[in-house]
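Listed below, chain by chain, are the residues.
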Amino acid sequence: MDDLRRRKRISAAGAVIGLLVGLLAFALVVQVKSNTSGDTALANARQDDLVRILSDLNARELRLRTDITQSQGTLSQLGAGAQGREAALNEARRRADELGILAGTLPAVGQGLQIQIVRGSAAVPASTVLETGEELRGAGAEAMQIRGSTGGPVRIVASTAFVDGPAGITVDGVLLTGSFTISVIGPGPTMRTALTIPGGVSDAVARVGGTVIVDEPASVTVDALHASTELRYAKPAD
Amino acid sequence: MIAVLALIAGVVAGILIEPTVPVYLQPYLPIAVVAALDAVFGGVRAKLDKVFDDKQFVVSFVSNVLVAAFIVFLGDKLGVGGQLSTGVVVVLGVRIFGNVAAIRRHLFKA
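Which chain is which? The protein sequence lines are A and B, in order.
Just so it is clear: in the first sequence, position 205 is 188 by this note's numbering, and no numbers are missing.
Add 7 to the 1-based position in the second sequence for this note's numbering, that's all there is to it.
Possibly wrong hints are sitting among the right ones.
Subject to a maximum C-alpha distance of 20 Å in a straight line, what follows is the list of computed SDA-like cross-link-like pairs (lysine to any residue) [claimed, not checked]: (1) K16(A) - T27(B); (2) K84(B) - V(-1)(A); (3) K16(A) - K84(B); (4) K57(B) - S(-6)(A); (5) K16(A) - V28(B); (6) K54(B) - V(-1)(A).
In short, the hints are calculated from the structure, not lab data.
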């Protein structure tokens, strides 16, 4: 009887011990699993740690936002700089084109006049042709070229020389003979008026027995080029 | 024998069921586990010393767990939860080392 009760007591105590040890093993495994799975670093952190981490993150966000703002400012500055350079480049290109047309190094097209100076019995002297060019330029001509019945065309620029030759005139070293045709781009009516003023080009040509015929085609092409020359004496002054 | 079987059963149950630790238990469970480990090693040592007592084991196990959890709870309330948890773990770790050393002396006579 006593033995039985003792055995029973032992087994009851053993059951409790087993329960506790089992519980321990269970809790151990659960804890290990919960530590190895998921974002345990934050899940197990204490409240004050979390608050510190949060404020750290906030400070970092603020810093990064400042960085972003600065970078965007830099970006827009660089963009503005690039745009300014682009505009300057376009402007320079436009001016180079204009100067090229004025200097005779680029072909040009536009409205203007086609002027024929037909020779009569005597040749038209170089001074008359030069005067024609100057009248036209004074009336606003922007680009000119001259062609003879033979020879040419030659672009007429500021430095073009007109010299009387044995058979005709020599323009910048090119011999032109017979009748001359001047293609000029500029304001048509003004130039026409400039040619026909009394005592002007028309009269001068008529004095040597020639005639001046002025056409106004829809579009005049000036495609003879003047070889650009290196400046030997003049340099740009800043 | 029962304890070993229960240990295996508990591990298997923990692996199979895969429960998540409730939030309100999260600070206490690790400390409670360490405290229980201390009690178990103490029990094994007492067994080898032939002074093992069922009642004493059960009471020490339960009280160890409860006191450890209470200390952590108190620490949390006082704002020194982290430090107090560390302290409890250190103390229990020292006791576990002592118990394991005694067990080792019994088993290996060294």
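Here is what the structure says about each hint:
1. K16(A) - T27(B): The given pair, whose Cα atoms are some 9 Å apart, holds under the 20 Å limit.
2. K84(B) - V(-1)(A): violated, 32 Å
3. K16(A) - K84(B): violated, 27 Å
4. K57(B) - S(-6)(A): Holds, at roughly 18 Å.
5. K16(A) - V28(B): holds, 10 Å
6. K54(B) - V(-1)(A): holds, 16 Å
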